[in-house]
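Asks: As a plain string of letters, each chain reads:
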Amino acid sequence: MLEKRIIICLDVKDGKTTKGIKFKGNIDLGDPVEMARKYYLDGVDELVFYDITASHEKRNIMIDVVRKVAETIFIPFSVGGGIGTVEDIRSVLLAGAEKISVNSQAVKNPDIITEGASIWGSQCIVLGMDAAKDTEMPSGYRIFINGGRTPTQLDALAWAKKAEQLGAGEIVVNSMDADGTKDGYELTITRMISENVGIPVVASGGAGKPEHLYDVLTSGKAHAALIASMTHYGEYTVESIKDYLKNRGLPIRSDYRKQA
Amino acid sequence: MAAIRVGIVDYKAGNLKSVENAVKHLGADYLLTGNPADFSSVSHLIFPGVGEANAAMSALKETGLGDMIREFYASGKPMLGICLGTQIILSESEEGNTPCLNLVEGKVRRFVLPPEYKVPHIGWNQVTFTIKHPAFEGIPENSSFYFVHSYYPDPENSENIAGQTEYNIRFTSAIAQKNIIAVQFHPEKSGEKGLALLTNFFKWKP
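As given, the protein sequences belong to chains G and C, one line each in that order. Just so you know, we're using numbering that gives the first Met the number 0 here: the first sequence kicks off at 0 and counts up by one. Just so you know, we're using numbering that gives the first Met the number 0 here: the second sequence kicks off at 0 and counts up by one.
Calculated from the structure, these hints are not laboratory results. Predicted model only: the values in this text are computed from it and were never measured. Treat the hints with care, since some could be wrong.
[To be verified] Computed cross-link-like contacts, BS3-like style, restricted to lysine-lysine with a CA-CA straight-line distance of at most 27 Å:
hint: 1; chain 1: G; residue 1: 15; chain 2: C; residue 2: 11
hint: 2; chain 1: G; residue 1: 37; chain 2: C; residue 2: 11
hint: 3; chain 1: G; residue 1: 57; chain 2: C; residue 2: 177
hint: 4; chain 1: G; residue 1: 15; chain 2: C; residue 2: 177
hint: 5; chain 1: G; residue 1: 181; chain 2: G; residue 2: 107
hint: 6; chain 1: G; residue 1: 67; chain 2: C; residue 2: 76
hint: 7; chain 1: C; residue 1: 204; chain 2: C; residue 2: 177
hint: 8; chain 1: G; residue 1: 67; chain 2: C; residue 2: 177
hint: 9; chain 1: G; residue 1: 220; chain 2: G; residue 2: 208
hint: 10; chain 1: G; residue 1: 37; chain 2: C; residue 2: 76
hint: 11; chain 1: C; residue 1: 204; chain 2: G; residue 2: 67
hint: 12; chain 1: C; residue 1: 202; chain 2: C; residue 2: 60
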């Protein structure tokens, strides 16, 4: 039986894992390669590295991180942030990432999805979307870009369907309303998109407790759940989250422990 | 690692970096090449690949790598198929109605599943080993491996089935025939269990 994936997201700035804290700026969480190795051994199913480096000239630092991660962990991982051209995709995939994710860049230039999928296959191209409730939109949710700062005219459900047609292999649905609240994922939009596309949906934003993952993986109909701060500060471990979900009957990969 | 030399077939079908990284991590001497002549020094062949069957077969014909793989198989040395590489060793694929290498009798079929089963089948799923095989040595029954595919291998002879996986249907996820072991999943992305399979393959003396 196909198992539900637990994915950990690491924000990387200038080669360091970081976390934005409201009004305090970014705090340094450590070396992304070491963190990746630790989470890999802890049994995470997949990792996402999000490059939040502002300047384009520091792009090579990220490529170097990707290369080192690929030599250190043997599970799939994706890279997002600042990927806008076929060349950007190529450099990240050749450095050893399994897939790339596009967000704002795909809204501005949807062809990037099609071009990427035609060269490397749909399984390499993930669409990330930032959506917030908006009663003016047909589905009730509007797409935002530039880290959630800029509203677009795109309806979230219509954009998800379009991205699938263009060749995206997976969609990460990040709810801006839930993000940072730790009150749980936004189940409505996650379920709506999952029920209306033929590709897997990853839920993002709002995870604070293991039961939030249970909810989004069952009634939210997500195929995978993205977490970050739950594990970064030691509040939970991958194992404790997986044990919880497994005990509640979800198909979860739990045989990762190193063999004796 | 004993004195082995692993040859990874590069026929421009997808990104082989993760296969290379895993082999390097395990300390095996290896080469990754698209030149058929280079494989004369190889003791263990890995035939990987991600992509489309028709394009892959054209590339194998053009480069002479297809003939090299046939000869390697005939030599009796161990050979590992991964994902598209596994599909290509069968007789034919429904993907683009492509005649394949026909080393193992059988067809490659597209998943036809109810809508709640997304295709491609992406993620971790369990493999039930249906035979004892040196490549599975020490790997617990029903271990999870990482899959990404829309087509699955369907060998003609049930004795070639080495492992099976459930995704609405029960499909063949591992094939064994003489010196071939071929898997639909990605051992190079399946954590420590996947690395164990690769290590077993390097030790295998069919």
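Asks: Hints first: check each against the structure and report whether it holds.
Replies: How the hints compare with the structure:
Between residue 15(G) and residue 11(C) the CA atoms are separated by roughly 33 Å; this puts the pair beyond 27 Å, and the hint is violated. This hinted pair does not check out: residue 37(G) and residue 11(C) have alpha carbons roughly 33 Å apart, beyond 27 Å. Of the supplied pair hints, the one linking residue 57(G) and residue 177(C) is violated, its CA atoms being roughly 51 Å apart against a limit of 27 Å. At most 27 Å may separate the alpha-carbon atoms for a hinted pair to count; residue 15(G) and residue 177(C) exceed this at roughly 49 Å.
At most 27 Å may separate the alpha-carbon atoms for a hinted pair to count; residue 181(G) and residue 107(G) exceed this at roughly 30 Å. About 33 Å separates the Cα atoms of residue 67(G) and residue 76(C), which puts this hinted pair outside 27 Å; it is violated. A threshold of 27 Å between alpha carbons decides the hint, and for residue 204(C) with residue 177(C) the separation of about 11 Å falls inside it, so the pair holds. For the hint linking residue 67(G) to residue 177(C), the alpha-carbon distance of about 37 Å lies beyond 27 Å, and the restraint is violated.
Of the supplied pair hints, the one linking residue 220(G) and residue 208(G) holds, its CA atoms being roughly 18 Å apart against a limit of 27 Å. Straight-line distance between C-alpha atoms of residue 37(G) and residue 76(C) comes to about 37 Å, which puts the hinted pair past the 27 Å bound. As the CA atoms of residue 204(C) and residue 67(G) are separated by approximately 33 Å, the hinted pair breaks the 27 Å bound. The straight-line distance between the Cα atoms of residue 202(C) and residue 60(C) is roughly 30 Å, outside the 27 Å bound, and the hint therefore fails.
Violation of the numbered hints given earlier is confined to hints 1, 2, 3, 4, 5, 6, 8, 10, 11 and 12; the remaining hints are satisfied by the structure.
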